[in-house]
Amino acid sequence: MPLSEQEQRLLEEMERSLYHNDAEFVASVGGTRLRPNYRSIVLGVLAGVVGIATLVAGVAVQQLWLGILGFIIMFGGVLLAVTPGRTARATRPSANQSRRPAQARSQQGFMDKLNDRWDRRQDGQQ
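Numbering (the UniProt record's numbering), first residue to last: 1 to 126.
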């Protein structure tokens with residue numbers, strides 16, 4: 001269901017107010033995108049699987065220390081998989097995206113399209 005004109009005006013006013021009053025928040029939310037570190041994800045998943053196997057083995061042989069060790073390995077693997085690495089770099093738009101805006105728009109996600117629309121509106125293009 002589309003927004004009424006009054007709701008659209010109110011939303012635009014709220015967006016302008018947020019952008020004007022809390023520019024740091026807007027910059028941090030719409031900031032750089034970090035590339036995922038696939039090596040950390042794979043190693044984390046492998047460590048998680050090994051940890052689960054160790055935990056189950058510890059329960060099977062009724063060794064408390066082995067179960068605790070398995071849990072610690074599993075927990076460390078999950079942390080390794082979900083935390084961004086120190087060497088994560090921000091992605092930059094490639095030359096192909098700047099040359100072909102229509103093709104770049106089709107490859108963007110929903111939020112990227114909304115951010116582009118917001119930027120155009122702020123620049124007075126729309």
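Fair warning: there could be bad hints in the mix.
As the list claims (entries may be wrong) - Calculated cross-link-like contacts (lysine to any residue; reagent style SDA-like; alpha-carbon spacing at most 20 Å):
1. K113 to E12
2. K113 to V45
3. K113 to L3
4. K113 to S40
Unchecked claim - For each label pair, taking beta carbons as the anchor points, the in silico distance ranges come out as:
5. V49 to M1: 42 to 48 Å
6. L11 to L69: 36 to 42 Å
7. A53 to D123: 21 to 27 Å
8. M1 to K113: 17 to 23 Å
9. V56 to P84: 48 to 54 Å
10. I52 to F25: 37 to 43 Å
11. V59 to P2: 15 to 21 Å
12. D116 to Q63: 54 to 60 Å
13. M111 to V78: 24 to 30 Å
14. Q122 to L3: 55 to 61 Å
15. M111 to V50: 33 to 39 Å
16. I52 to D22: 41 to 47 Å
Quick caveat, the hints were computed from the structure, so don't treat them as lab data.
For every residue, glycine included, the Cβ atom is placed at its ideal position computed from N, Cα and C.
Hint check:
A distance of roughly 16 Å separates the Cα atoms of K113 and E12; the hinted pair therefore holds under the 20 Å criterion. Pair hint K113 plus V45 does not hold up; C-alpha atoms about 32 Å apart against a cutoff of 20 Å. A threshold of 20 Å between alpha carbons decides the hint, and for K113 with L3 the separation of about 18 Å falls inside it, so the pair holds. For the suggested pair K113 and S40, the alpha carbons sit about 30 Å apart, so the restraint of at most 20 Å is broken.
Checked against the hint of 42 to 48 Å, the pair V49 and M1 passes, with Cβ atoms roughly 46 Å apart. In this structure, L11 and L69 break the distance hint of 36 to 42 Å, their C-beta atoms being roughly 53 Å apart. At roughly 55 Å, the beta carbons of A53 and D123 sit outside the given window of 21 to 27 Å. At roughly 20 Å, the beta carbons of M1 and K113 sit within the given window of 17 to 23 Å.
At about 30 Å, the CB distance of V56 to P84 disagrees with the hint of 48 to 54 Å. One distance hint, 37 to 43 Å for the beta-carbon pair I52 and F25, holds here, with the actual separation near 39 Å. Look at V59 against P2: about 56 Å separates their beta carbons, and that is not inside 15 to 21 Å. For the pair D116 and Q63, the supplied restraint of 54 to 60 Å holds, since their beta-carbon distance comes to about 57 Å.
The supplied range of 24 to 30 Å is met by M111 and V78, whose beta-carbon atoms lie about 26 Å from each other. Taking the beta carbon of each, Q122 and L3 are about 19 Å apart, not inside 55 to 61 Å as hinted. Our hint of 33 to 39 Å for M111 and V50 holds, since their Cβ atoms are close to 36 Å apart. About 43 Å separates the C-beta atoms of I52 and D22, a value consistent with the hinted range of 41 to 47 Å.
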